[in-house]
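Chains as they are written, first to last, in my numbering: chain A, 1 to 251; chain B, 1 to 232.
Certain hints may be false.
BS3-like cross-link-like pairs, simulated, lysine-lysine; straight-line CA separation at most 30 Å [as the list claims (entries may be wrong)]:
(1) B:Lys-205 - A:Lys-178
(2) B:Lys-108 - B:Lys-44
(3) B:Lys-205 - A:Lys-176
(4) B:Lys-208 - A:Lys-188
No wet-lab data here; the hints were simulated from the structure.
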Amino acid sequence: MSRVVAFHSFRGGTGKSNTTANVAVQAARRNLRVGIVDTDIQSPGIHVLLGIDQSQIERSLNDYLWGRCEIADAAHDVTAGLHAELPGRVFLVPSSIDATDIARVMHDGYDVSLLHEGINALVGDLSLDLLLLDTHPGLNEETLLSIAVSDAVAIVLRPDQQDYEGTHVTVSVARKLKVPEMMLVVNKTPLVFDHDQVRRRVADAYGCDVAAVLPHSDDLMAFSSRGVFVLHRPDHPLAAMYDDLAGRIIG
Amino acid sequence: MSAQTARVLVVDDEPINRRLLARYLEREGHEVATADDGAAGWEKLRAEPFDVVLLDVLMPEMDGYEVLELLRADPARRHLPVIMISSLEDTDSIVRCIELGADDYLPKPFRPVLLRARINAGIARKRLHDLELEYLEQVGHVVDAAAAVEQGRFDERSLDAVAERDDALGNLARIFQHMACEIAAREDALKQQVHELRIEIDEAKAAKQVAEITETDYFRDLLHKADALRQR
Numbered sequence: 001m002s003r004v005v006a007f008h009s010f011r012g013g014t015g016k017s018n019t020t021a022n023v024a025v026q027a028a029r030r031n032l033r034v035g036i037v038d039t040d041i042q043s044p045g046i047h048v049l050l051g052i053d054q055s056q057i058e059r060s061l062n063d064y065l066w067g068r069c070e071i072a073d074a075a076h077d078v079t080a081g082l083h084a085e086l087p088g089r090v091f092l093v094p095s096s097i098d099a100t101d102i103a104r105v106m107h108d109g110y111d112v113s114l115l116h117e118g119i120n121a122l123v124g125d126l127s128l129d130l131l132l133l134d135t136h137p138g139l140n141e142e143t144l145l146s147i148a149v150s151d152a153v154a155i156v157l158r159p160d161q162q163d164y165e166g167t168h169v170t171v172s173v174a175r176k177l178k179v180p181e182m183m184l185v186v187n188k189t190p191l192v193f194d195h196d197q198v199r200r201r202v203a204d205a206y207g208c209d210v211a212a213v214l215p216h217s218d219d220l221m222a223f224s225s226r227g228v229f230v231l232h233r234p235d236h237p238l239a240a241m242y243d244d245l246a247g248r249i250i251g
Numbered sequence: 001m002s003a004q005t006a007r008v009l010v011v012d013d014e015p016i017n018r019r020l021l022a023r024y025l026e027r028e029g030h031e032v033a034t035a036d037d038g039a040a041g042w043e044k045l046r047a048e049p050f051d052v053v054l055l056d057v058l059m060p061e062m063d064g065y066e067v068l069e070l071l072r073a074d075p076a077r078r079h080l081p082v083i084m085i086s087s088l089e090d091t092d093s094i095v096r097c098i099e100l101g102a103d104d105y106l107p108k109p110f111r112p113v114l115l116r117a118r119i120n121a122g123i124a125r126k127r128l129h130d131l132e133l134e135y136l137e138q139v140g141h142v143v144d145a146a147a148a149v150e151q152g153r154f155d156e157r158s159l160d161a162v163a164e165r166d167d168a169l170g171n172l173a174r175i176f177q178h179m180a181c182e183i184a185a186r187e188d189a190l191k192q193q194v195h196e197l198r199i200e201i202d203e204a205k206a207a208k209q210v211a212e213i214t215e216t217d218y219f220r221d222l223l224h225k226a227d228a229l230r231q232r
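So here's chain B without its partners, still in its complex pose (with noise of 0.2 Å):
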């Protein structure tokens, strides 16, 4: 999907405005999905990913008003930009709306530049916040990461899809990756050699370093007097 293409649900009781809504958003190139009263649309709003909800204030057993509450208190949609429309056009309502945290308001009849234009900015916040989650879910793959290092359990594909980024994250995690390598081949390099720890000695070459010390006059005295030395 496009950078301005996007699944919109557009909750509306009135049969000829969910048709009028759905033609002119596919015919914007959107994928559409409508329901026909506040219920039915929070239904499909748990049911389904969105990424902009169109939301008539004006419904009968469940208005606009109480989807958008159940929205925002909800952690997993609080962020889902929502369009409010009104025939209404008193001030009291498009407040109240906005109190709620609605994040625009559409007038009907509705202008199509009016509505391609919040769509748009609709759909733009929904895209930066989607790329802000997505960057501190990443984020928390190189923290993740780090505590599997120091717990030796480090897994160098786990940050594969971080590394894949072309910005500073990206950078740090193929950094990360690059060094958490060369430290897991230099321990293992290590533990090969433990593993094969042998001492040895060249028996023929310490003797004659030996011999070099040994056999001089200093050290012919000095071992004469050592016994002497000791007895003082």
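Next up, chain A with everything else stripped away, as it sits in the complex (with noise of 0.2 Å):
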């Protein structure tokens, strides 16, 4: 039984894609076939924590998009690439980062249906057991179509009054179009907040399952984007808190 879940954000900069490849790369660690789409056509950017520069893409999700190939064809399998020693695999569909191609998606846009029939021709092709769908931030029609298709949302923040605003209208947005299971993870949490009282109070603000609260991390910070965080510090706390949450997202 395969399981789609969106990696979304109110603003920018909470560490959603981050979150979302590492993730990626513990549901691998456990024997899964992991797929991720790069949804976030205007700003793509979780290619290169999985080790993806522009010469490697070939094809994109805005090939597919314009019918040029088929989705399967875009995606792009990173495991070997990721230098580990992973049971399972992880493949991307990345986002195109040419500068023509982002003008002329964000110009023309797309048939947004066509994204919904990508998911599942991409699950099936590829006999994936999770697709990680990394948004953009905000709600614009991507993001909503991706929410909708989506059987779960993880809705990331940071322990801050913009993201909580934010992140109440994203709730609400997500509650309207009943998507079936909605959590929360709550990202660079400055480590003399008592972690147990965030997560009560953001479940009650909410009233919606807190599924992590991560610490900020210097660590995390200082290695930026070079790659994926659990391959290179397998061994650190916050690895541990990656897996769980895998096993959350995996349901």
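With the hints as a guide, dock the two chains, each given alone in a separate frame, to form the complex.
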């Protein structure tokens, strides 16, 4: 039984792509076949974490949406490039990082129902156990569609006032969309915060499950976008937290 | 006490020599204590701090060599400048004193010019050593302060003495103090914020934002399709 989970955040800078990549790798460690679709067409970025550069992207999500290929043709098996012994596999459907492609998609838009068909086809063609959608921050049409077609949405937020308000909007919209399952991931939590208290207050404020309260980590910041942190520091306390979160995401 | 005046101990078994040396050194502005043999000299050295010792080589009971050996074997007094005095001018004695760690050698009868020069050189060595000790001690304070910051028990005033230095170490201590205080203040503010952690949501504003998204044709269409999409 496969599962589609959209990772979303109302504002940028919450660590959404980083969380998505780390959860994907931890799920692959559990012998799962995991797909990631970078639906952040306007500002793609997760490919960098997964060790893919521009020259390696022959086909992208854009090519599929413009009818140039099947979506599975745009999927890159990034498992080997992660340089780790993973019993499962990680596939990425990147968005084009070509400026002309981005401009075209922004200008012309695309048939959003294609995205839904693509997601279904990808799960079937690659026999995926888990498909993660890395969405664009905010609530534009593609993002709403990604949320609407997902089995669950994981909303990543930082514990600060602006994120609290934005998350409230996302939660309300997702409820109207009748997303079957919704969970919150509180990220970059200052170490001086009492994490249990943060978990309780956030859960109370939104009436929503808090899947993880992840601490701010200088180690993670210093590692930045050079790769997937749990591969670099498998024994770091954060790696265990991402593994717990992966368990929640897998369901 | 100025840089050129010091506490000097004169150890000599000859009363005339002791008085002569003491009077001369006091005229030079030094504070002088005397001992009439090696054992009494060693007692004084252990009881009081001195800057320079004038030590006669040949004395009954405990001679100058023995006192010198005791001094050099004592970690707290190892660096005390010692000037050996003796009427002996034989090379063997001089060599032995130097091998035992004497800093200088003054032949009797002493010549005031030579005595002054050697006493001053001894004082300068002592001062330099004291400065070095003080520097190392203060570096230790900064190292301790770093450990204290890590353990969350840093006391700002623990670096006051080091911060008064007008050299690079003083500057390091001042910057360290400043940064540690800044960080502590920020953490206090955050703790305060945690204490007051409330999730305040402007419901009217949020409802307006939600409406802007959900009251569109696109959204209505999506909502309509969503169930069907999930069924597929």
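Status of the hints after comparison with the structure:
| no. | hint | result |
| --- | --- | --- |
| 1 | B:Lys-205 - A:Lys-178 | holds (22 Å) |
| 2 | B:Lys-108 - B:Lys-44 | holds (23 Å) |
| 3 | B:Lys-205 - A:Lys-176 | holds (17 Å) |
| 4 | B:Lys-208 - A:Lys-188 | holds (28 Å) |
In summary, the structure agrees with every hint in the numbered list given earlier.
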